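There are 2 protein chains.
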Amino acid sequence: MAGGVGSRFWPYSRNDRPKQFLDFMGTGRSLLQMTFDRFAKIMPPENIFIVSNKAYKSLILEQIPMINAKQVLLEPARRNTAPCIAYAAARIHAINKDAVMVVAPSDHLITKETEFLDAVSGGLEFVSGNNRMLTLGITPNRPETGYGYIQAGKDFGGGFKKVKTFTEKPNLEMAKVFLESGEFFWNAGVFMWSVKTIRAAFKKLLPEISAVFEEGAPLMGSDSEQTYIDRYFPSCQNISIDYGIMEKADEVYVLCGDYGWSDLGTWGSLYDISPKDESANATLKGQALLYESENNIVVLPKGKIAVLQGLKDYIVVETENALLVCRKKDEQQIRKFVNDVSNLENNSDFI
Amino acid sequence: MAGGVGSRFWPYSRNDRPKQFLDFMGTGRSLLQMTFDRFAKIMPPENIFIVSNKAYKSLILEQIPMINAKQVLLEPARRNTAPCIAYAAARIHAINKDAVMVVAPSDHLITKETEFLDAVSGGLEFVSGNNRMLTLGITPNRPETGYGYIQAGKDFGGGFKKVKTFTEKPNLEMAKVFLESGEFFWNAGVFMWSVKTIRAAFKKLLPEISAVFEEGAPLMGSDSEQTYIDRYFPSCQNISIDYGIMEKADEVYVLCGDYGWSDLGTWGSLYDISPKDESANATLKGQALLYESENNIVVLPKGKIAVLQGLKDYIVVETENALLVCRKKDEQQIRKFVNDVSNLENNSDFI
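Just so you know, the protein sequences line up as chains A and B, in that order. Under our numbering, the very last position in the first sequence is 351; numbers go up by exactly one each time. Under our numbering, the very last position in the second sequence is 351; numbers go up by exactly one each time.
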């Protein structure tokens, strides 16, 4: 899934180059490329499909030149994860109706790749030839209020547990209770099931979305697929797979572990996992001289130098034509700032 | 005088484009151009000479295309104001030994131009045909510790007073006493005298510098002038006109007034005179959205947007390849920062 347009990382992420397309870690590979590389270790590249917005087609083919254009599924409108997954399941079903599939965001970080891939391989086996649905749960290490949690119930053996509930983002008090209980895990947005199982779940729980892809099934993989999708995809309900399917389905399991996972959802989460200097400043890109400054995260364009003095707990991000300086604790306001910028005259260069 | 290379305004000022060449006020004219325009109102442009470093010759001719290259006196080395003024006096003397001259920095701001030009015109008359030396004194409006002061003595009539002493930068306590006394004025670095008078003063008080220009006198204005200057100017003592001449000379007068003068010596002084928004933020150039921010001074390149949140009393300056964020009260550290930047590898682009 590579359709996000997140504005939380403005000005580093832009409309024409959202987070998944950026080399966030300075490794030379974007998050999308890292995600592709990861899955290509356990499956043939031709079995990897990328679902994204039409606007990003050329960017995707540029970043992942080893795939065929047909492996890029293009949404004409943003409709959250449920329609995205229904579309992918329909296409895979047209190729192999007995296939199992793993669904994953393209803009998360996984540092323990072996553990992650072992979990995916084992998970795909676990859901093969049955009607189980599986999610990956991340063992929490702090009372995080920014994630949804999965409550695990009865142990099924092999690390698999029955899911008791999916919960929304908790407040801090609740998050602390979750952490202590040992029963709650972060929802990483990684799902596994057979295409038969997920299509049956859509038919039962999101019948209108299901109908779009049942009707379109004969066109999947044909030259008419895009025309059909362009016409009918926008009519799909805007709903997440978690809310539309997972919370209501039976036979939902979770495989929990520590995969060095981060959703990189905030500058704060990026700061947390980044290498820091002796004053706990993380300079991700560019060259910065810091004086009387601590706990900052700094991202600069190549070839730029920054001299920062007297800053504590700030985000300093610069791009070719925009600069953001914002307290780390106030980063939720960035969406508002971006909105304000978009309301300026001649804003198109900035967003 | 346009030879400064001040690093206090880094990264806005650079080695290859110091403060006097910058459009500091966003008026479309650099400080040098504004200074030239100002004096051109009371004297023919061909009577204006610009003394600067050889490195800035083309920049000067580009900014002041209406002058002849011969009006630009080029120093091969930086030797403070005394040798600079001795050189200018020698050149003017070669053209007209009865001339009077006014010496002025090219990187100061004068907002009350009529008052200033009246003072200069009256001052030139005051020093004509006699051996008086005149400085402009600025009536202080605050106990500034960043300037030298002139103590005025006996009133001579017409606003002219005999100078009692030149003083170094005072501490705050002393500056308050100066302010209350009504006897002390800021030294604006603007001087008037006849070329005969200043050359006589050099002969008496700085004989070694005087000798260089007495010997070179026959070459002034000739094709050999630059060769002579290149060879002998660097041997001149590095000393200011204030310390070398004014503090020791007799017949020194001061003409005091309020000319809307600022030496623009610090970001703080620039902030003080700049228009501000309702939160007292001064955005001199570029476009900035400020949130929960006050008392900042912001300078951005054209076409750049900045979103600043949670900043109070900061300097935020960006140029094509450098960014500075620094507390206003700590701006004296900028020289050190620039020195650190210059010690980096591949620093030449940044300084």
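Don't take every hint at face value.
Given that identical chains are not distinguished, each listed pair holds provided it fits within a single copy or across any two copies.
Once the Cα atoms are required to be at most 35 Å apart in a straight line, the calculated DSBU-like pairs of lysine-lysine come out as [as the list claims (entries may be wrong)]:
| id | residue 1 | residue 2 |
| --- | --- | --- |
| 1 | 112 | 164 |
| 2 | 196 | 176 |
| 3 | 57 | 302 |
| 4 | 196 | 97 |
| 5 | 169 | 276 |
| 6 | 328 | 302 |
| 7 | 328 | 176 |
| 8 | 329 | 276 |
| 9 | 57 | 328 |
| 10 | 196 | 57 |
| 11 | 162 | 203 |
| 12 | 204 | 248 |
| 13 | 312 | 154 |
| 14 | 312 | 285 |
| 15 | 169 | 328 |
| 16 | 57 | 162 |
Hints were generated in silico from the structure; no laboratory data involved. Only a predicted model underlies this, so the values are computations on that prediction, with no experimental measurement involved.
Cα distance capped at 35 Å. Does residue 162 pair with residue 203 within a copy, between copies, both, or neither?
within (22 Å within a copy, 99 Å between copies)
Checking residue 312 and residue 154: alpha-carbon separation at most 35 Å within a copy, between copies, both or neither?
Neither: 46 Å inside a copy, 54 Å across copies.
Quick one: residue 57 to residue 162, C-alpha cut-off 35 Å, is that within a copy, between copies, both, or neither?
neither (38 Å within a copy, 79 Å between copies)
Can you give me the call for residue 112 and residue 164, within, between, both or neither, at a CA distance of at most 35 Å?
Within one copy only: 27 Å inside a chain, 78 Å across chains, cut-off 35 Å.
Please sort residue 328 with residue 302 into within, between, both or neither, judging by C-alpha distance up to 35 Å.
Result: close both inside a copy and across copies, 23 Å intra and 27 Å inter.
Pop the pair residue 196 and residue 57 into one bin, within, between, both or neither, using alpha-carbon distances up to 35 Å.
Classified as within: same-chain Cα gap 28 Å, cross-chain 78 Å, threshold 35 Å.
If the cutoff is 35 Å on CA atoms, where do residue 169 and residue 328 land: within, between, both or neither? Let me know, please.
Cα proximity of residue 169 and residue 328: one copy only (20 Å, versus 41 Å across).
Are the CA atoms of residue 169 and residue 276 at most 35 Å apart within a copy, between copies, both, or neither?
within (29 Å within a copy, 42 Å between copies)
Have a look at residue 196 and residue 97 and pick one of within, between, both or neither, based on CA distance no larger than 35 Å.
This pair counts as within: shortest intra-copy Cα distance 7 Å, inter-copy 103 Å.
Classify it for me, residue 328 with residue 176: is the Cα-Cα distance of at most 35 Å met within a copy, between copies, both or neither?
within (22 Å within a copy, 41 Å between copies)
Alpha-carbon proximity context of residue 312 and residue 285, limit 35 Å
both (18 Å within a copy, 26 Å between copies)
Tell me, please, which holds for residue 57 and residue 328 at an alpha-carbon limit of 35 Å: within, between, both or neither?
within (33 Å within a copy, 47 Å between copies)
In terms of the numbered hints stated before, the structure departs from hints 2, 13, 16, listed from lowest to highest.
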